[in-house]
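> Listed here are the chains, written in short residue letters.
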Amino acid sequence: MPANEFNGFTDYGIGIGLRAPHYDHILTRKPVVDWFEIISENFMIDGGRPLQILDQILEQYKVVQHGVSMYFGSAEKPNREHLRRLKELVKRTKTPWVSDHLCWGSVDGRYTHDLLPMPYTFEAAKITAQKVREVRDFLEVPVAVENVSSYAEFHVSEMTEWEFLNEVVERADCGILLDVNNIYVSSQNHSFDPMTYVNSVPAERVAQIHIAGHSKYRKYILDTHDHPVIDPVWKLYDRAIHRAGHTATLLEWDDSIPSFKEVHDEALKANKFLASSVLATAV
Amino acid sequence: MKLLKLQRTMARVVMQPLTASERMQRKAPDGRPMRSYAARFIKPNDRLTSFERLEIYNRQYWFRLFSSMIEDFPALRSVLGERRFDAMCKAYLVDCPSRSFTLRNLGSKLETWLRKHPKWAGAKQTIAVDIARLEWADIESFDGEAKPALRTEDLAGAAGANLRLQLQPYVRLLDLHYPVDDLLLAVRKDEEDRDFASNAFEERRKRRHVHSMAKLKPGAVFLVIHRIDNSVYFRRVGAEEFAVLSSLRQGKTLGKALDAAFRKSKMPLGERAASVQQWFQNWATLGWFCLPDKKGREFLIGSELTRL
Chain B
759 MPANEFNGFT DYGIGIGLRA PHYDHILTRK PVVDWFEIIS ENFMIDGGRP LQILDQILEQ
819 YKVVQHGVSM YFGSAEKPNR EHLRRLKELV KRTKTPWVSD HLCWGSVDGR YTHDLLPMPY
879 TFEAAKITAQ KVREVRDFLE VPVAVENVSS YAEFHVSEMT EWEFLNEVVE RADCGILLDV
939 NNIYVSSQNH SFDPMTYVNS VPAERVAQIH IAGHSKYRKY ILDTHDHPVI DPVWKLYDRA
999 IHRAGHTATL LEWDDSIPSF KEVHDEALKA NKFLASSVLA TAV
Chain L
9 MKLLKLQRTM ARVVMQPLTA SERMQRKAPD GRPMRSYAAR FIKPNDRLTS FERLEIYNRQ
69 YWFRLFSSMI EDFPALRSVL GERRFDAMCK AYLVDCPSRS FTLRNLGSKL ETWLRKHPKW
129 AGAKQTIAVD IARLEWADIE SFDGEAKPAL RTEDLAGAAG ANLRLQLQPY VRLLDLHYPV
189 DDLLLAVRKD EEDRDFASNA FEERRKRRHV HSMAKLKPGA VFLVIHRIDN SVYFRRVGAE
249 EFAVLSSLRQ GKTLGKALDA AFRKSKMPLG ERAASVQQWF QNWATLGWFC LPDKKGREFL
309 IGSELTRL
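In order, the protein sequence lines correspond to chains B and L.
Residues 759 to 1041 in the numbering used here are what the first sequence spells out, letter by letter.
Residues 9 to 316 in the numbering used here are what the second sequence spells out, letter by letter.
Rather than coming from a laboratory, the hints here were simulated on the basis of the structure.
Here the structure is a predicted model, which is why all the values come from computation and not from measurement.
One or more hints might be untrue.
Claimed, not checked - Below, a list of computed lysine-lysine pairs in the BS3-like style, where the Cα atoms sit at most 25 angstroms apart:
id	chain 1	residue 1	chain 2	residue 2
1	B	884	L	155
2	L	124	L	98
3	B	993	B	1027
4	L	155	B	974
5	L	155	B	849
6	B	852	L	225
7	L	197	L	225
8	B	820	B	849
9	B	845	L	155
10	B	884	L	51
11	L	225	B	835
12	L	10	B	835
13	L	197	B	884
14	B	977	L	51
15	L	35	B	977
16	B	788	B	1030
Claimed, not checked - Some chain L residues flagged as far from chain B (calculated, every beta-carbon gap over 12 angstroms):
id	residue
17	34
18	52
19	73
20	94
21	148
22	149
23	170
24	255
25	272
Cβ coordinates follow ideal geometry from the N, Cα and C atoms, glycine included.
Next comes chain B alone, as it looks inside the complex:
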């Protein structure tokens, strides 16, 4: 199940996000890492050092592309320039799949550069799924959509978030990048049981899993990617891999970034859960 059509039938292990403060360490020490996830938009440029570094990384490591501004849920058409540049990058990295968020962030050509929450309506699911299909057909690689952390809900919603996710991925016939930290954050902000969410996801569509840390405020939790993963999130991860199998896993750490070793060690904690998942499957 883990190697499936939604992740290009790959069997990747545990990766971390490729971030600028770690470039020197990676290029000089060449640490053993299963794979790196890059933020596509950081490399959708014409030249210069970022692409030089990416090419050096590609010589040694497997790379998967993760986007932040395709905005599958925006009501407007995909930006053609964005798609063109993204496809160029896909050819360069040979990423087995691409992922981006199940959210919106632009309207009438204006970009908020944020991951804004979707109204969980059938109309929105239909529009979003159509856009996912268009992007996948243009890029010619599998696409996985990631559930986001959210801080607001809409009156117009007609279903739960996980029902909406299922509706979109079934209509688009695409993969899921299951972010268990985002499930936890949203569950705290909207008072639902995160385990119900994990148990409701179509496991056969999970292409990749994200784990991360967050920041707790008095009345809500923010998805800040600046802390280690907390135990309740590891529990959700454990459940997710028991359902989906040994799935490509990625630790996100984007702010107050510690040393490469600290980030990688945090990611490798996932091994404990992956091992028990393999054992459980064998039994």
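Guided by the hints, dock chain L onto chain B, whose structure is given.
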């Protein structure tokens, strides 16, 4: 509410400027109380009102965009001061919201906008425009395209007054009124030191900025922003050299570029040939010229060429 309408309704508020205390405004863009505007489409929960939930996104939008502008224009911020820079950014982003999928392009219209809105820089308008141009050129040069460099053999039999040479896309040319390149380098040096800064050091650093600003005397600077091994460098050149490069960038022939450069030049006639030769040697060493595209290549080797 349909998807497009809901997204327009929410985006209007998310992109509306914050108050002076960095909170969401009490009035919605349509003049109605924000509480009722938010309650129309956002659900409250047991801890947060509709207003408070929407405010999280409103604040995140502005914090993210401000942080991007601060990262891209540190020298402009140093010259204007933090408060004025913040106020200017707010006005700029209201007039020129991002229309790109990447934050990299957020400051692309800043120079033009600053020229149209001199009140934000006041007496520092000229220097502010200079810095905005330099900091944007630096971004453009950092990740601009590098085409295959032109080699001597590519020019075999093609030297002539009608030759059109193409500058690398990452090379940027700026004619400035102030030596703001020195200022930007000083600001960057300070930023590098900041990690080790104590409060006292921070105070001294601020004073040093003000001091270096005061020391900046007006004076024409002709600057080429270029790359060596993918690191960006600033290289000052003379007026004639700059004029040749600018004409070539505009697609003029070498003959016309040289004519234009020396038309009003005070450089003694006897020094000109040697200077031009030296410039070309430097440009070739730095790889500033690239192989032209197909159309340009035809011109490069075409029959119109006449020997110098």
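> For each hint, tell me whether it holds in the structure or not.
Hint-by-hint comparison with the structure:
no.	hint	in the structure
1	B/884 <-> L/155	violated (43 angstroms)
2	L/124 <-> L/98	holds (15 angstroms)
3	B/993 <-> B/1027	holds (12 angstroms)
4	L/155 <-> B/974	violated (48 angstroms)
5	L/155 <-> B/849	holds (19 angstroms)
6	B/852 <-> L/225	violated (52 angstroms)
7	L/197 <-> L/225	holds (20 angstroms)
8	B/820 <-> B/849	holds (14 angstroms)
9	B/845 <-> L/155	holds (20 angstroms)
10	B/884 <-> L/51	holds (23 angstroms)
11	L/225 <-> B/835	violated (50 angstroms)
12	L/10 <-> B/835	holds (16 angstroms)
13	L/197 <-> B/884	violated (52 angstroms)
14	B/977 <-> L/51	holds (15 angstroms)
15	L/35 <-> B/977	holds (23 angstroms)
16	B/788 <-> B/1030	holds (24 angstroms)
17	34	holds (18 angstroms)
18	52	violated (9 angstroms)
19	73	violated (7 angstroms)
20	94	holds (18 angstroms)
21	148	violated (9 angstroms)
22	149	violated (8 angstroms)
23	170	holds (29 angstroms)
24	255	holds (24 angstroms)
25	272	holds (36 angstroms)
In terms of the numbered hints stated before, the structure departs from hints 1, 4, 6, 11, 13, 18, 19, 21 and 22, listed from lowest to highest.
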